[in-house]
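*Asks:* All chains should be built: construct the whole structure from the sequences, respecting the hints.
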Amino acid sequence: MPAGTLYRGREGMWSWVAHRVTGVLIFFFLFVHVLDTALVRVSPEDYDKVVATYKTPIVALLEYGLVAAILFHALNGLRVIAVDFWSKGPRYQKQMLWSVVGLWLVLMLGAIYPVLGHAARELFGS
Amino acid sequence: MATTESTAAGIGPVEDGSFYNVDNPAPVIEAPRKRTRKTPKSTRGNFEMAAWLFMRLSGVVLVVLVLGHLLIQLVLDGGVSKIGFAFVAGRWASPFWQVWDLLMLWLAMLHGANGLRTVVNDYAERANTRLWLKGLLYTATVFTILLGTLVIFTFDPNIR
Chain A
1 MPAGTLYRGR
11 EGMWSWVAHR
21 VTGVLIFFFL
31 FVHVLDTALV
41 RVSPEDYDKV
51 VATYKTPIVA
61 LLEYGLVAAI
71 LFHALNGLRV
81 IAVDFWSKGP
91 RYQKQMLWSV
101 VGLWLVLMLG
111 AIYPVLGHAA
121 RELFGS
Chain B
1 MATTESTAAG
11 IGPVEDGSFY
21 NVDNPAPVIE
31 APRKRTRKTP
41 KSTRGNFEMA
51 AWLFMRLSGV
61 VLVVLVLGHL
71 LIQLVLDGGV
81 SKIGFAFVAG
91 RWASPFWQVW
101 DLLMLWLAML
111 HGANGLRTVV
121 NDYAERANTR
131 LWLKGLLYTA
141 TVFTILLGTL
151 VIFTFDPNIR
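Protein chains in written order, with the working numbering: chain A, 1 to 126; chain B, 1 to 160.
Calculated directly from the structure, the hints in this document are not laboratory data. Quick caveat: nothing in here was measured; it's all calculated off a predicted structure. Where a beta carbon is used, it is the ideal one built from N, C-alpha and C, also for glycine. Check the hints yourself; a few may be wrong.
[What the hints assert, rightly or not] So the derived label-pair ranges between C-beta atoms look like this: (1) B:T118 to A:E122: 39 to 45 angstroms; (2) A:L6 to B:L76: 27 to 33 angstroms; (3) A:G102 to B:T149: 53 to 59 angstroms; (4) B:F47 to A:E11: 26 to 32 angstroms; (5) B:K82 to A:F124: 39 to 45 angstroms; (6) A:R8 to B:F54: 31 to 37 angstroms; (7) B:T149 to A:G9: 36 to 42 angstroms; (8) B:F47 to A:A52: 43 to 49 angstroms; (9) B:K82 to A:D84: 36 to 42 angstroms; (10) B:E125 to A:R41: 37 to 43 angstroms; (11) A:V24 to B:N46: 24 to 30 angstroms.
[As the list claims (entries may be wrong)] Selected chain A positions facing chain B (Cβ under 8 angstroms, derived; list incomplete): (12) V34; (13) R41; (14) P44; (15) L62; (16) E63; (17) L78; (18) D84; (19) S87.
[Unchecked claim] Computed footprint of chain B on chain A; a stretch qualifies when at least three of its residues, placed anywhere within it, have a C-beta under 8 angstroms from a C-beta of chain B: (20) 11 to 17; (21) 92 to 104; (22) 108 to 121.
*Replies:* Here it is in structure tokens:
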């Protein structure tokens, strides 16, 4: 292949890829989440047993990943709406993406203690 | 082929309006896809446009519903550690949270299902593959929406 012909995309393409990947991940989680919540119709014991696994350190890390996916999808989704409906949206799409990434980073830093704190206490003692 | 008179398709004379007149009208060119009495009123329908709009409208609502849900379940009041049957019972005692969760369930499932429909349309090239993947998708979606709705409406805090 001749050099320089492969389209590597830029902010627009990679945000599209990330939006798609996070969207599919969230959707698959949603199926599982409706099923586990449906256990409240079976018995309190069964529900609590499954939710207990959600409080383990490994699943806490998965929850942090879920929060990461949802926050990016939500913030970038608002950016997509701005690009579609705001007359200056397409012109500022890059700036908006970096704003999304910045806000996402801040929120993810803020989520460390609430989402992972209990796992750290369990692993390293309080 | 000497002058403009012999080139009926000539562009110049048409543009300055000197070639065609009332007695010598320009030929009518039939549209390549002419609407006839047999043509349906709309050949494509507005489904894709409605789906596009739904993604944006439901998206805005879901940002509020889902981020609020995450805040309550994972951040406030001890985070995930407090969740249990008693916590669910306490929240679903209020119609406000029942409606919140019901709306979130429907909007998120339909939003996600339409997103995955787009993904299937993009990547599954054979018509048969698309048919089966979408059949599976729609079946799972309808099942999950109905199950979730049933659970919210028939929840019994004194089940045992």
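*Asks:* A separate judgement is required for each hint: does it hold in the structure or not?
*Replies:* Comparing the hints with the structure gives:
1. The hinted window of 39 to 45 angstroms between T118 (chain B) and E122 (chain A) holds, with their beta carbons roughly 40 angstroms apart.
2. The hint said 27 to 33 angstroms for the Cβ distance between L6 (chain A) and L76 (chain B), and at roughly 47 angstroms that hint is violated.
3. Restraint check, G102 (chain A) to T149 (chain B): a C-beta distance of roughly 38 angstroms breaks the suggested window 53 to 59 angstroms.
4. Between F47 (chain B) and E11 (chain A) the C-beta distance comes to about 31 angstroms, which sits within the given range of 26 to 32 angstroms.
5. Checked against the hint of 39 to 45 angstroms, the C-beta distance between K82 (chain B) and F124 (chain A) comes to roughly 21 angstroms, which is inconsistent with it.
6. Between R8 (chain A) and F54 (chain B) the beta carbons are some 32 angstroms apart, a value that agrees with the proposed interval 31 to 37 angstroms.
7. For T149 (chain B) and G9 (chain A), the Cβ-Cβ distance of about 40 angstroms falls inside the hinted range of 36 to 42 angstroms, so the restraint holds.
8. Separated by about 44 angstroms at the C-beta atoms, F47 (chain B) and A52 (chain A) satisfy the suggested range of 43 to 49 angstroms.
9. At roughly 39 angstroms, the beta carbons of K82 (chain B) and D84 (chain A) sit within the given window of 36 to 42 angstroms.
10. Range check, E125 (chain B) to R41 (chain A): Cβ separation about 41 angstroms, and the 37 to 43 angstroms hint holds.
11. At about 26 angstroms, the CB distance of V24 (chain A) to N46 (chain B) agrees with the hint of 24 to 30 angstroms.
12. Given the 8 angstroms rule on beta carbons, the hint for V34 (chain A) holds: about 5 angstroms separates it from the nearest Cβ of chain B.
13. About 5 angstroms separates the beta-carbon of R41 (chain A) from the nearest beta-carbon of chain B, less than 8 angstroms, and the hint is met.
14. A least Cβ separation of about 4 angstroms between P44 (chain A) and chain B falls short of the 8 angstroms threshold, and the interface hint therefore holds.
15. A cut of 8 angstroms between beta carbons decides the hint on L62 (chain A): the least distance to chain B is about 11 angstroms, and the hint is violated.
16. Satisfaction of the interface hint for E63 (chain A) is found here, the shortest Cβ-Cβ separation to chain B being roughly 6 angstroms, below the 8 angstroms cut-off.
17. Hint status for L78 (chain A): holds, given a least beta-carbon distance of 7 angstroms to chain B, under 8 angstroms.
18. Taken as an interface hint, D84 (chain A) checks out: its beta carbon lies about 7 angstroms from the nearest beta carbon of chain B, inside 8 angstroms.
19. Taking 8 angstroms as the C-beta cut-off, the interface hint given for S87 (chain A) is violated, the closest approach to chain B being about 16 angstroms.
20. Here the stretch 11 to 17 of chain A counts 0 residues with a CB under 8 angstroms from a CB of chain B, which misses the bar of 3, and the coverage is violated.
21. Using a Cβ-Cβ cut-off of 8 angstroms, 0 residues of the stretch 92 to 104 of chain A lie near chain B, which falls short of the minimum of three, so the contact claim is violated.
22. Requiring three or more residues with a Cβ within less than 8 angstroms of a Cβ of chain B, the coverage given for the stretch 108 to 121 of chain A holds, as 5 such residues are present.
Checked against the numbered hints listed earlier, the structure breaks hints 2, 3, 5, 15, 19, 20 and 21; every other hint is satisfied.
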